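**Student:** Listed here are the chains, written in short residue letters.
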Amino acid sequence: MKPIKQIYMLLFLSMIIAISYLFYSTKNIQTTLNNNVESIFIEGAKSFAYNIDAEIKKHIKSDPYRELKENPQLQNRMQHALSILADDTFKYIFVLYKDKHGNYRYLLDGSKDKAHFNQRLSVDKELWNKVYSQHTPLLIHQNQLDNLWLTYLLPVVLDNETKAIIAIDFSTALPNNIYTAIEPLNQIFIYIFVAIGLLIMILIYQSLLSIRIKKDSITDPLTLAYNRNYLRDFLKTTDIGKYQIMMIDIDHFKKVNDNYGHKAGDYILSSTAQIIQKEIREDDVFIRFGGEEFLVFIKKTNKDTQLAYAIAQRIRTKIEISQFSFESKDIRITLSIGIACQPEQFKNTSLAIKHADKMLYVAKREGRNQVISHINEDYKELETHKKSINDVKEALEEDRVICFYQAIYSTKTDQVIKYEALVRIEEKDGSITLPFEFLETIMYTNIYNDMTQCVLNRVFKEIKRIKMDISVNLNFSDILDNKIFNLIIDELESNKEFSSWLVIELLEYELLEEISIIQKRLLQIKEYGVKIAIDDFGSGYSNYSIFKQLPIDILKIDGSLIKDIDHSDTSYKITSSIVTLAQELGIKTVAEFVHSKAVLQSVKKLPIDEVQGFYLAKPSPNIL
Amino acid sequence: MRKFLFLLLLAPLLFSSDLRTEQKIYQLVIHSLVPKKELVKVWCDDDKKRKILNTLNGINSVDSAENADILLISKKENLQKKGMKFVTSYQLLEGKEIDILGGFFWQKGRPNILFLKNSLQKYNITLPESMQDYVEDEL
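Sequence lines, in order, name chains P and X. Letter by letter, the first sequence follows residues 449 to 1072 of our numbering. Letter by letter, the second sequence follows residues 25 to 163 of our numbering.
Since the hints were made in silico from the structure, they are not lab data. Please read all numbers here as calculations on a predicted model, not as lab measurements. C-beta: ideal position from N, C-alpha, C; glycine also. Treat each hint with caution, since some may be false.
[Claimed, not checked] Covered, in the sense of this in silico footprint (three residues per stretch, anywhere, with C-beta under 8 Å from a C-beta of chain X), are these stretches of chain P:
{"hint": "1", "region": "531 to 542"}
{"hint": "2", "region": "591 to 599"}
{"hint": "3", "region": "852 to 862"}
[What the hints assert, rightly or not] When the alpha-carbon atoms are kept at most 25 Å apart in a straight line, the in silico PhoX-like pairs for lysine-lysine are as follows:
{"hint": "4", "chain 1": "P", "residue 1": "560", "chain 2": "X", "residue 2": "72"}
{"hint": "5", "chain 1": "P", "residue 1": "777", "chain 2": "P", "residue 2": "795"}
{"hint": "6", "chain 1": "P", "residue 1": "684", "chain 2": "P", "residue 2": "777"}
{"hint": "7", "chain 1": "X", "residue 1": "99", "chain 2": "P", "residue 2": "560"}
{"hint": "8", "chain 1": "X", "residue 1": "141", "chain 2": "P", "residue 2": "573"}
{"hint": "9", "chain 1": "P", "residue 1": "548", "chain 2": "X", "residue 2": "106"}
{"hint": "10", "chain 1": "P", "residue 1": "546", "chain 2": "X", "residue 2": "73"}
{"hint": "11", "chain 1": "X", "residue 1": "100", "chain 2": "X", "residue 2": "72"}
{"hint": "12", "chain 1": "P", "residue 1": "573", "chain 2": "X", "residue 2": "146"}
{"hint": "13", "chain 1": "P", "residue 1": "996", "chain 2": "P", "residue 2": "968"}
{"hint": "14", "chain 1": "X", "residue 1": "106", "chain 2": "P", "residue 2": "562"}
{"hint": "15", "chain 1": "P", "residue 1": "560", "chain 2": "X", "residue 2": "146"}
{"hint": "16", "chain 1": "P", "residue 1": "1011", "chain 2": "P", "residue 2": "860"}
{"hint": "17", "chain 1": "X", "residue 1": "100", "chain 2": "X", "residue 2": "60"}
{"hint": "18", "chain 1": "X", "residue 1": "73", "chain 2": "P", "residue 2": "562"}
{"hint": "19", "chain 1": "P", "residue 1": "562", "chain 2": "X", "residue 2": "146"}
Chain X extracted, bound-state conformation (with noise of 0.2 Å):
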């Protein structure tokens, strides 16, 4: 019931081309990166996000950050804590975490995502064909 209300109350943004964007992006970025589990356990420290993680298919958004398969990181304090990340503003993928994998942010009203190669090399993670374009050798 509380998840109905919640898709009611979130119907309107639903309708922003957007929010439509972002959920693609996490949805595709998000299984991309943890390919072998069906359901991907994500520990986020932004509401808004986890609200948008809450809506995808086979993802699951966790309360502890040590049981997640993969962190998504919006605030730099967060950047600390063990385990793949993928941040949500450049800002934060300047830090040069050898654990962030990559970020995806809005710039110039526009979608960026990016990937580092470094970070996915030492999780050996292979990105699909459609995805190698968004990776960087270094920024």
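Same shape as in the complex, but just chain P (with noise of 0.2 Å):
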């Protein structure tokens, strides 16, 4: 709780108390009130009870009833005398005595409403008789009767017994009229009690709705998996160290949107999420961490190390086997997944998700539908020269990002006729950092976009000064990317006049599994008289197949089997079957990584179109 809480709650307690003391004060004074009244009025009864008992005892001097029934005079002036004591206070005053059988009847009434002599009255017998036996005077609370507040009982003792019993009821109208007078009062402290209490309900079901409110802005509405606000307050409280961390995404959701349409692709991220939270335990933590990707923190135990793989695992292979059916159609997906098993072995949290979220891109590499984990490798060591997305946006911004070009030259003329560009950050402090330092960081961000536009940007502008070939390097991937495709055509359409002299050199060994649609957008780039280059041929992917489906224009061969050309029978019989290849379907060919006069030399023997290498020139920040 916040300090500032404790204090509303103190004070709010210390009003509370407040009211209570003042209430119990009030009712302490209305209690001693009453009492005091009580007693003056009691103390008057005794006085008049008193002096009745010595007017009777003064004319009556054995029997009363049957003095006062032969004597009607003094029964009224007695009877007289009774009624100018009686007002509304001292409601009733009479004598009763005890009969014969136990029952009480009238000597006297000084009352308004005045019985017979002899007449029965009903009253409380065990405390009358009470009196009648111990000869000592009782006050009655008349609790069971609505207009009799309290009744004082004296006997009338002759001859050392009690012959009958002086009653002096008092009426309510004096209690009432206290009551009259305190109940505004009592009535402000009821008011004040129920405002108390509404309060407290208000402030309940304002606590209930904050919660409410906090577990909607902390929820997925589609999935009800945990959202990335959860994420950020769950990493802030929660050590790392105790999960292993779980990337998944689900295999081709573009294409369930492109095919059936947003609902369905809705109605496939619920399900999907549905059939994870099942086959999680209750404490991992599930987060969706944005459009079909879900994080998954599983808790680790002592005994298993691949508690998240074997999970991961259960949770593809459930949604491998499981149909989704939505409007009359089967929809089947699959899940790729990638592990970080010991985040605590990373510098941070963000390392540690971003670390999941590799294994999952190289699940993905890898023919989608797996879960990849690495676990036993030292992760640190491999992250400590890495630059971070920041340091590349910082870099980007402050127009650092810069290529250095190295002359590729023609084995017929030795003239260099091409230029290969190769990205580098320059650092503030002067020095240059190499691309593997930060592509792989990189990759699959908003960050990557900008740099490819920012190389074909400077690409262009010295294919413009040169008007020379220059060649890019660029994924297969990022042909299949529709936004890196489009800022391809947007930069070739920008320059139209100058894209005959771009050559796209495109890495071999990436996996070729959308081929028609690579060939298809190749094709379109070629249009504005790009060339094509598979670069790293022979590296150990080769496949000869692409030759037939994709419109290469040019073959490099990769450095592995160039750089011991010049002793290596075995390299120099691959490279020359490759070159033959690429002659017979009409393609050139580069010779990369030629370091020595030697390997040039080797080279030269091949009908190699160009060369390129440390030996003739390295890669340099200008063109001259």
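Can you join these two chains into the complex? Each is in its own frame, and there are hints to help.
**Tutor:** Structure, rendered in structure tokens:
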């Protein structure tokens, strides 16, 4: 609880205590006042009763019933005396005797509704008999009767025997008057307590509402998983070392939206989330990370270090075998899952999540519908020299993303015929950072798109200046990515007259699973006169089918074959066969990694068109 | 519905202990005087008393004195009506009509019940033990 809330709570409690104390004090005053008034009137009643007793004893010797019956004049005189004493407070003043049957009957009655002599009156016999037998006065509180407050009884003792009882009834007028006087004060307290009660109810309602709003603010309404707001709080308050991190992505989710509509997409998202929720435990935390990506924090147990992997496999299998039916259309989906098993090994949680994201990326690259986790690597070392996204963003903003250019020579003329643009970051201290230190970090982020645009701008600027071919390196995934592809097309459109000097080098080890789209898009790019080169051909992923499927203009033979071509017969023969094939297909060849004169001479023995390497020219920030 | 509204209006009165006492006494007295009938028909000449009677179990307030099992009389002129009578004041008891079985009235703020022995004998009524204490030989 925040201090301000504690102060409010303290003030509120103090207020309630103060009001309760005031209420208690008022009640106490009321009781004291009642008691005092009661005692004043009791004393008055006693005085009257003793006077009546003295008057009776003055005129009656031993038997009140007989003597009063025989002397009606005495009866009338005494009754008159009693009636003088009766008023609004002492409502009834009368004298009763007990007959032989134990019933009480009138001897004298000073009240307005006068009863007959010897008329029977029903009284509380138990109490009256007590007065009769003990010869002592008694004060009775009349709780059962509406119009009587108190009754004072005084025995008339003659010859050591109670012969009659003098009764004085107090009307309820007096306590009613006191009650009426104090009632407004009581009502004020009632209103205050009702107001406090309402206030407490409102506070409870507000608290419940606040809890609900808070819950809504941290929950994704579609999937009912937690959202990024919750993630932020969770990461602030949780020791991430107690969890393994699972990054889940629905494969080809865009296709679901494109083919079946967004409602179907929403249905798939919520159904997938439901399945994931069922497969994880209560201690695990399930978050919608964005779009079709989910993040699950799996609470570690001491026994099982591969727990997240097992749960991920279970989720993946469950989704794979599930058939989702939306508007009588069956939809099947798969999941790719990346796991960070030891988040505590990372400098911070953000890096651990990023690692899970990288594992997810690997799962995607490896063909999707799989779970990838790394357990025993030294991730800290891996991350030490990497640039952060913010570093790259800052470099872009400060225009420190630059291109180095490496000359490519013709083997026939020994002249520079083109350049390869190589991206670099110029650090604030003037040092140069190479791509492997930042490209992986920004891959699949908007920063990567910005960097691609920046490189294309710089390259076109150079093309305009030198009017020579310049090649840029891209991935096949860049061609598949709608944003990057559109960006390339926009750049080509803006530089239409110079686009024929652009060469796009694509890394050949990329998985070509969506070859038809790539083929279509490369043809679209080539319409601007752009040449397509396959980079690092022969590096281990060579697939000759790409010659059939893609519109390739240039083949860049991998450096691992060229660098020892001068003394490795095998490298020479492999290179020779690649060059022969390329010649027959009408594709130009470039030998990379020419680092010595001997290598250059060996390369020149083969019909290779172009050469490139440190022996000939190192990458330089300027083209002369 | 009317009965419900009546009860609703009567509700504050029901908290009065005198009224509760009166209800209990009438319930007890009437069933003691007409013990053989589960539903006793009572004719009453006082509206307030009739309303109280209507709240009691096993007692039905009727409009015609001829159809009643017992008459609850508050007005002197109705003492002439034929049938068993139970009165609501001491003054009416003093008429010494043979058909008056007794009365219930308030005196000095206290509830008072009286049964007249001769009338009870005329109608061959034997009161329960708890009521014997209220039987008077004569006024």
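**Student:** Each hint: holds or not?
**Tutor:** Hint check results:
For the region 531 to 542 of chain P, the assignment as covered by chain X holds, since 3 residues bring a beta-carbon within under 8 Å of that chain's beta-carbons and 3 suffice. For the region 591 to 599 of chain P, the stated coverage by chain X holds: 5 residues have a C-beta nearer than 8 Å to a C-beta of that chain, and at least 3 were required. Counting residues of the region 852 to 862 of chain P whose CB lies closer than 8 Å to any CB of chain X gives 0, which falls below the minimum of 3, so the coverage claim is violated. Distance hint between residue 560 of chain P and residue 72 of chain X is fulfilled; the C-alpha atoms sit about 24 Å from each other, no more than 25 Å.
At roughly 46 Å between alpha-carbon atoms, residue 777 of chain P and residue 795 of chain P are farther apart than 25 Å, so this suggested pair is violated. Distance hint between residue 684 of chain P and residue 777 of chain P is unfulfilled; the C-alpha atoms sit about 43 Å from each other, more than 25 Å. Restraint check for residue 99 of chain X and residue 560 of chain P: the C-alpha separation of about 21 Å stays at or below 25 Å, so the hint holds. Proposed proximity of residue 141 of chain X and residue 573 of chain P is supported: the alpha carbons are some 22 Å apart, at most 25 Å.
Our distance criterion of 25 Å between C-alpha atoms is broken by residue 548 of chain P and residue 106 of chain X, whose separation comes to about 35 Å. Proximity of residue 546 of chain P to residue 73 of chain X is assessed by CA-CA distance (about 32 Å); at most 25 Å being required, the pair is judged violated. Only pairs whose Cα atoms come within 25 Å are accepted, and residue 100 of chain X paired with residue 72 of chain X is accepted, the gap being roughly 17 Å. About 30 Å separates the Cα atoms of residue 573 of chain P and residue 146 of chain X, which puts this hinted pair outside 25 Å; it is violated.
Proximity of residue 996 of chain P to residue 968 of chain P is assessed by CA-CA distance (about 13 Å); at most 25 Å being required, the pair is judged to hold. For the hint pairing residue 106 of chain X with residue 562 of chain P, the CA-to-CA distance comes to about 31 Å; that exceeds 25 Å, so the pair is violated. Note on residue 560 of chain P and residue 146 of chain X: the hinted pairing is violated, with a Cα-Cα distance of about 35 Å set against a maximum of 25 Å. This hinted pair checks out: residue 1011 of chain P and residue 860 of chain P have alpha carbons roughly 20 Å apart, not beyond 25 Å.
Distance check on the hinted pair: residue 100 of chain X and residue 60 of chain X sit about 28 Å apart at the alpha-carbon level, beyond 25 Å; violated. Restraint check for residue 73 of chain X and residue 562 of chain P: satisfied, since their Cα atoms lie roughly 24 Å apart, inside the 25 Å limit. A C-alpha spacing of about 31 Å is found between residue 562 of chain P and residue 146 of chain X, which places the hinted pair above 25 Å, so the restraint is violated.
Consistency note: the structure conflicts with the earlier hints numbered 3, 5, 6, 9, 10, 12, 14, 15, 17, 19.
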